[in-house]
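Participant: Hints given; two lone chains; assemble the complex.
So the protein lines, in turn, are chains A and B.
Counting along the first sequence from 1, when you hit position 292 you're at 292 in this note's numbering, and nothing is skipped either side.
Counting along the second sequence from 1, when you hit position 52 you're at 52 in this note's numbering, and nothing is skipped either side.
Since the hints were made in silico from the structure, they are not lab data.
Just so we're clear, the structure is a prediction, and the values are computed from it rather than from any experiment.
Where is the CB? At the ideal position from N, CA and C, for every residue including glycine.
Mixed in with the good hints there might be a few duds.
[Said to hold, decoys possible] In silico DSS-like pairs for lysine-lysine, Cα to Cα no more than 30 Å straight-line:
hint, chain 1, residue 1, chain 2, residue 2
1, B, Lys3, A, Lys463
2, B, Lys40, B, Lys78
3, A, Lys463, B, Lys85
[To be verified] Example chain A residues on the side facing chain B (calculated, C-beta under 7 Å, incomplete):
hint, residue
4, Gln10
5, Ser13
6, Pro243
7, Gly365
8, Val369
9, Ile375
10, Gly376
11, Phe414
12, Glu417
13, Ala460
14, Leu461
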Amino acid sequence: MLIPKNYANQMRSRILVKVVESFYKDRFETADEIPIEMRPKDYDSSRCCIYKDRAILKYRMMAAMGFTPQDETNEAKQLKDYGKEALKRQNHAKSCLAVIDIACSACVKSQYMVTDACRGCFARPCVMNCPKQAISIVHGRSHIDPSLCVSCGKCMEVCPYHAIVKLPVPCEEACPVGAIRKDEFGVEHINEDTCISCGKCLQSCPFGAIVERSQLVDVLNLIHNSDKKVVAMLAPAIVGQFPFEIGQVVGALKKAGFDDVVEVAAGADVTSKNEAAEFIERMNEGKNFMTTSCCPAYYRAAKVHIPELAPFVSNTKTPMYYAAEMLKKEQPDCVSVFVGPCLAKRTEAEYDPNVDYVLTFEEIGAMFVGAGIEIGDCEAQEFAKVSSAQGRNYPLSGGVAGAVGNLVDGKVDFRPERIDGLSKENIKLLKKYATKGSENNMIEVMCCEGGCVAGPGCIALAKKAARQIETYVAQGTNQKDMK
Amino acid sequence: MEKIQVKLCAGTACFVMGAPQIQALEFAAPSDIADKIEVKEVRCMNHCSQGQGYNKGPFVEINGEVIQEATLEKVVAKVRELIAKEEEKSC
Ligand code: FES
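Chain B with its partners taken away, still in its complex shape (with noise of 0.2 Å):
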């Protein structure tokens, strides 16, 4: 299986708004997920600026899709589901 782009934020407002915490998932993600990830930090990803946009961070893109107010929970529950759903495509 390939393993799961994960794509952290860490553009001066993500960071303000949170992206520390998720940064754990680097040297710290529970054990069922750690080897199915590739954890990356990126620069600003541009979602913060439209309108106000920042308020909805941090942003992360897991395989391209955007989650917002992210959290380290949030993103763990994601990688989760999308890690079931293949698992029941392989068998």
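Chain A extracted, bound-state conformation (with noise of 0.2 Å):
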């Protein structure tokens, strides 16, 4: 299971709003006073010492910035620097998730370990079962060579005592493609190549050592520097994701700056109609089954991971794909900014020239606090699009394919199925389904577990966000009763 929010990427919110108020104040010519300014002398370290807390809080000001930390080329380069640097760049840097590698504590590798309350019994099921005879005993006692043990968790499983814990590394249990391994020093490190930008591995970390390029000071510099048009696309997961109305929400962010905002969930109609399009062809060209494509780190597992599932994958684009793409025919000078709940739209919007960056919600949340803008003083405004009740229920899990089963309307049998959460396990059922063929022909998936509402970017809680979600479905029309 993800750790909710902890303290560990509580501080990420607290940086993020340090780095707006910065912008604000000097345009980060203090910035380097930060880090001290959170962990002054007296103050109790959340690690060995206050230093190294504040060479932590550097690296994170860093991603908040832009940049991560093997970016570094110079370990005295200073934040106001970076800060200068990053106002400079006309294009944001490319999005990656990385590891901060002195906050790494580098959790023991070793999978599985014997513990006191082994009795060294006579049937050692556990010496019996190890496929690898990497148990012997030891001082009267079980002992796993690490150097041999495969971590199959046999041991574990046949012994009467439950005296064999399992000791998990929480960010590569949690990455569903192994994307993120250790060095010879322990130290984890992500691979751009495998990584599907998820975010579970930062959700997960409890050191807090995974950080990503923020793109929040390439916006803020665009709304106060520049005279371009910035607009605001906000994905459906918006909603409950701020304890007021949603109109108020876009009250706040036209006074944060934003020419514009628009709903994505407008987008999402787009997809429902063409993905429901779709499915009938296929149904009708004598198809297995068909998955959805919305979830972009699905979408990248799909084509990356499991290669046998890609004639399977919907050939729609995503609701972002139609709104960016609806916004730019009606105002093609304009910078769009998707904000949502999600990393890997990120990466999707590097492929897609209609996106020019992307925000999260704990972002826009951070701009907010840092200008001192209070949401419900704020007046309440219309979006600029009307979307349908199945556009705006996109962000719960089962909302996509009910969105599509809505529209194929019977044409052809329709057989929904949800992959809530993209794990290891569900990867692997995937792969059975591309192979061996699937009982249901729709199925949905969606990376994050609950569907977009839980995602990394997300601030509420989802079972609230949730919540008021369904309310705000309940409020729109039937896309089938739409024109």
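Facilitator: Dropping the structure here:
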């Protein structure tokens, strides 16, 4: 299970706010004071000492400015200079997840451990059942030889005293595609070629050692230091992210400097329509099943890690794609900023010429706080487009398949199935469907468990946000009844 | 015993600074305190607006006492402390 927000990732919100504050205050001129201000001399350090805390805070601030720890070539380079560099760049840095090596605690590698509860019994099922003969009896107790152990877990299963435990490495456990691995010093590294940018490692690391390049400074800079029109495209999961009426959130975004705000749920309606047509066509061609394609982390996982699934993945584009296409048709000169719960959207946007920047809900939240905007004081404003009930339901698990089913409308047999959360097990399951076929013919895959409301860029509790979305869905009209 | 009043700030600053995690109290409070508290979400209580006060958020008021940089853990500890005090008084 992912740890819900905790101290480690709460820190990220604080840092983002600090960076916004520093942007407004003096364009990062005094940014180097922030780590010291946050960890003054008499403060109880979170790690070994305040000096290490400060060093890590510097890396966190760099990430919020769009640099990973690996971008550091000169240790003496100050935050002020990173800030200046960020303000000068024309295009945002390529999105990527990275590990702050000095923050990674290098969790122990050996996955299984014999505890003191071992009684050195006569039966010794652990020794018997170990397929690698990695277990022997040392000083009257079982002992696992880490050089032989392959972490199959058989010993743990068979021990009658439950004396063998699994020591997980949270990030490796959470990564569904094995893209995060230890180096010879035990420190984790992310493989950029296989990473699907889902953000599960970032959510699960108890030391908050994983960061991601933000585009926040780039957007702030565009808003305040250019005469370009900057338009926010709000993902449907926005409803429920702030405890205010959605119209007020739109008002707050305008106050923060966005020239216009559009609803991506309107793009979701196009996705539903095209995906329903595609589904009907594929079923009539006699295909076994089709999967959704709007979750970018899943889409990339299918491409890179489950190639046998490729012919079954829908070719329909995502709500973001259609929303951006509509926007750029109407306002070709604007800068489009997708605002959502998702980190993988940043990678998707890199291949989409109509999406210029991607921010998370957490980042716009930080923008409000750093600029002193109270959403509750903002006047409620209308969304530019009106979406259907189905489009609004996309961020909840089952929402996409539901929207497609609504439009398939009995024209062909429709048997939906939800893959709620892209875990290692579910990847295996999808592989099986690709090779052996599936009983159901519409497979909706959401990388985040619960749907986009549980995405790594969210701030609200998923449970509460889901309730607010349900209310908003109930106020929408059925897509079938719209012209 | 009167219920302990817990006011969770759900203003923008407190919300971004981590108030949602404390909202878990509304449906998953530890069983020893669940029926002894009354949890209310309130609008900005203006603790955030002095200077850069929001950096000290989220704010929670428990029987009128302000907790800054509140976390679920801190709030639960404070409530337990108040309950223990009450019980001491009544015996
Ligand atoms: S937002 Fe909580 S005190 Fe202002």
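Participant: Evaluate each hint against the coordinates.
Facilitator: Here is how each hint holds up against the structure:
no. : hint                 : verdict
1   : Lys3(B) / Lys463(A)  : holds (26 Å)
2   : Lys40(B) / Lys78(B)  : holds (16 Å)
3   : Lys463(A) / Lys85(B) : violated (34 Å)
4   : Gln10                : holds (5 Å)
5   : Ser13                : holds (6 Å)
6   : Pro243               : holds (4 Å)
7   : Gly365               : holds (4 Å)
8   : Val369               : holds (5 Å)
9   : Ile375               : holds (5 Å)
10  : Gly376               : holds (6 Å)
11  : Phe414               : violated (34 Å)
12  : Glu417               : violated (29 Å)
13  : Ala460               : holds (5 Å)
14  : Leu461               : holds (5 Å)
The structure is inconsistent with the numbered hints 3, 11, 12, although it conforms to all the rest.
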